[in-house]
Amino acid sequence: MNRASLNHLIQLIPGFRTDSFMRLFSVASSAVLMIMFILVAAHAQVQNLPGLKPVQSQRPPLVAPPGSQLIKHFVFIIKENRSFDSYFGAFPGADGATQGVISTGQTVPLTPNPDITPHDLTHTSSGALTDMDNGKMDDFDLPAYGNENGDLLPYRQFTQSGIPNYWIYAQDFVLADHMFSSLHGPSFPNHLYTVAAQSGGVLEIPVAEATQSTSWGCDAPEGELVRMLGPSGELENVAPCFDFPTLADSLENAGISWKYYAPSEGERGYEFSTLDAISHIRNSNLWQEHVVPTTNFVTDALSGNLPAVSWAVSGYQSEHPPNSVCLGENWTVEQVNAVMEGPDWASTAIIIVWDDFGGFYDHVVPPKVDGYGLGIRVPALIISPYARPGYISHTQYEFSSVLKTIEEVFGLPPLTRRDSEAHDLHDSFDFSQQPLSPVILHPRSCPVNSTQYVQFGNQGVGTSSPAAPVELTNYFNSTLTISKVSVTGPFTQTNRCTKIPPGSYCNISVKFNPQATGAQTGQLMIYDNHPDSPLTVQLQGTGSLVNATPVYPGVNYRVVTYGSPQAATVTLANTSSTPVNISNVNIVGYNAADFSPTTDCSGTIPPSGSCSWNVTFTASPQPYDLWGTESAAMVFNTTDPSSPATVRLTGIGIQLVISPHSLSFAPEPVGQTSAPKILNITNPSTSSPLTFSSIQAVGDFAQTNNCGSNLQPGASCQVLVTFTPTKSGELLGGVNFNDSDVTSPQILSIVGIGTP
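Numbering-wise, the sequence shown is residues 1 to 756 according to our numbering.
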């Protein structure tokens, strides 16, 4: 969420921790590096995208089926970043999967999911579309952190023992196995759908230039921007403050009570307080009166003061990787228990969803309803006295379905085409049944060790893998003392954890050191003063005859101009005393066609020898619905028993070339205008015109240009920039380009000096 955290171009940063229970994800970003949505569509197509326009106000209110008026309270709980298969893929009777396909075409089991993940996963728009691979649902290992050193983290799954209380809710009430996120992208736009049945064109999360802001709304610091799709298909960066209508407005206008329960400003999770992004709510009394601390929910529920409609979000209990799922489940149980123990249970429906898939595998192809989605499938639980007990709903839902159901029950008109056309939730209710009794659950003790399973990928015999962390967290009131750590099998461990104070954590590092080929297993044993000691972590890796380099994250071509291919070297080294024969080498993945390998390798790698390939990336304009990053994998099929070996390939193609990359003006007296400096703008594409929506100078700078609204393939234009200082000293500014390129808006930095 801030560029200071950037450590990999076009990569997601792993979650960081500022106290013992707090984790937050961060997204790498800059004008060129924040890779987002490209929509190569005609102007008319863009204008007709559902979600961009509200439904005409003259549309009549929606009507609920008989009996639904028994529901007088809706509670909409929004958790973070989990796919359906990662939580309920093994649930009996559900449309789930316990194995998945990776980019090489191999089918792999969905192995145990850690309670605290070692890192976040890519769940940006481009990441989601890469994962989906035109409906093949087989590239979840290709986006950033999708297969870090062989961990295949997206292909992990909880079973009943990992999320026991969620499974109880699913067994006793309703599990919806065709709830889809509303947009194939990350949290912020999907949260907007939960209040407005649209994102207003927003595609990604807001990004601050140099602050660790936790605000994704109208009070965000100056310079925090969010990528959105403009009305004519152009990509823009705008402040995350909007004014489209929400369900809260419909409720307010009808005199129906509502509250949004969220972390307060400055707290972790405040970014999920979505109404902060709606100006007429954030900057009015509605904010003070209706947006309240999350902690108020339990009090209101127990005392019978729930409004007709509640939204509830949380901070470190959100389950956003790498946050603890156990802590998040306990928080959810606390909220649901409060409703069930309060006087409003008899007339309440609780809907629990996860706002996006978080980069985790799911096998169901999302339906396409417009240019924004639907996104990848997420879990949903429906809990109510009138929920059909033990029912699995196969009806296609999205977040707008929740809004539609509320609108129907309270006789409100739809907000957009999305909630107008979405399926409501009423198949999950039976208003004629004997009302279900409360199911009061107990929070569970969270595991000290973050994971019970660590997976390594292929590793050459006689070599050592990168280290994998096993995190220990002390959830108790006394110091956790580690007396001994041991490891079995071809693994080594490094432990500096001796005493862990309450609320703190410590990492044990584990490496895989195979001495033979094939699957290898071992155990990490942790002895401490915890009643469950010793703690056991299962270890798994595969010994290989070869190592492919560069290792994860592989080859990153960064930014490549159309028509200017870039090459990089990939090497396959034989680490054994046995010759290895290469049967074939393939490039696979959504963007495989843009990567081309050549080699003079004979096809046999002698013992301790190697072969190299020159892999060229030729960026090309992407088809409708691809959002920037190009990802693929180079796959080596050999006589190695652990074949294939792979190397990840990523790059970004750009259509707009600006030269020079920055401008610096000589000292200029205050009030006087400098001579112009020239920016040369080129469209190197051989086929696609470049469309400009605006070119703007910022600060004490001005620009004129001859670029017009379209720059044809191979054409160039010029921007003339002048400097008129308004005060003495160093003055910063820039020129912003809003256009149809995937890296738009591009920001060119300018510096000048004003003199007395």
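Don't take every hint at face value.
Listed below are the simulated BS3-like cross-link pairs for lysine-lysine, each with C-alpha atoms no more than 30 Å apart in a straight line [claimed, not checked]: (1) Lys511 <-> Lys484; (2) Lys677 <-> Lys727; (3) Lys484 <-> Lys499; (4) Lys368 <-> Lys136; (5) Lys499 <-> Lys511.
Cβ-Cβ distance ranges computed for the label pairs, FRET-style [said to hold, decoys possible]: (6) Asn581 <-> Gly503: 16 to 24 Å; (7) Thr726 <-> Glu252: 22 to 30 Å; (8) Thr726 <-> Phe476: 55 to 63 Å; (9) Gly135 <-> Thr598: 42 to 50 Å; (10) Ser504 <-> Gly135: 30 to 38 Å; (11) Gly603 <-> Val551: 18 to 26 Å; (12) Gln106 <-> Pro565: 26 to 34 Å; (13) Ser608 <-> Thr686: 55 to 63 Å; (14) Ser504 <-> Thr686: 35 to 43 Å; (15) His423 <-> Ser596: 43 to 51 Å; (16) Ser279 <-> Pro469: 36 to 44 Å; (17) Glu252 <-> Thr704: 42 to 50 Å; (18) Ala567 <-> Asn706: 47 to 55 Å; (19) Thr561 <-> Gly135: 25 to 33 Å.
Hints are computed from structural coordinates only; laboratory data are not their basis.
Source: prediction; values computed, not measured.
Positions of the beta carbon are idealized from the N, C-alpha and C atoms, including for glycine.
Each hint, compared with the structure:
Distance check on the hinted pair: Lys511 and Lys484 sit about 18 Å apart at the alpha-carbon level, within 30 Å; holds. Distance restraint check for Lys677 and Lys727: the Cα-Cα separation of roughly 20 Å lies within the 30 Å cut-off, and the hinted pair is therefore satisfied. A threshold of 30 Å between alpha carbons decides the hint, and for Lys484 with Lys499 the separation of about 11 Å falls inside it, so the pair holds. Of the supplied pair hints, the one linking Lys368 and Lys136 holds, its CA atoms being roughly 14 Å apart against a limit of 30 Å.
Taken as a hint, the Lys499 and Lys511 pair is honoured in the structure, with Cα atoms around 23 Å apart against an allowance of 30 Å. The hinted window of 16 to 24 Å between Asn581 and Gly503 is violated, with their beta carbons roughly 55 Å apart. Judged by the Cβ atoms, the range 22 to 30 Å given for Thr726 and Glu252 is violated: they are separated by roughly 44 Å. Checked against the given bound of 55 to 63 Å, the beta carbons of Thr726 and Phe476, roughly 60 Å apart, stay inside it.
Under the hint 42 to 50 Å, the C-beta atoms of Gly135 and Thr598, about 31 Å apart, miss the expected range. Take Ser504 and Gly135: their Cβ atoms lie about 45 Å apart, and the range 30 to 38 Å is violated. Remark: the range hint 18 to 26 Å for Gly603 to Val551 is upheld by a beta-carbon distance near 23 Å. Checking the proposed 26 to 34 Å range against Gln106 and Pro565 shows it holds: the Cβ atoms sit about 30 Å from each other.
Here the CB-CB span from Ser608 to Thr686 is close to 45 Å, at odds with the stated 55 to 63 Å. In this structure the supplied range 35 to 43 Å is violated for Ser504 paired with Thr686, their Cβ-Cβ distance being about 58 Å. The hinted window of 43 to 51 Å between His423 and Ser596 holds, with their beta carbons roughly 45 Å apart. In this structure, Ser279 and Pro469 meet the distance hint of 36 to 44 Å, their C-beta atoms being roughly 42 Å apart.
Between Glu252 and Thr704 the C-beta distance comes to about 47 Å, which sits within the given range of 42 to 50 Å. Separation of Ala567 from Asn706 is about 35 Å and departs from the stated range, judged on CB atoms against 47 to 55 Å. The hinted window of 25 to 33 Å between Thr561 and Gly135 holds, with their beta carbons roughly 31 Å apart.
Of the numbered hints listed earlier, those contradicted by the structure are 6, 7, 9, 10, 13, 14 and 18.
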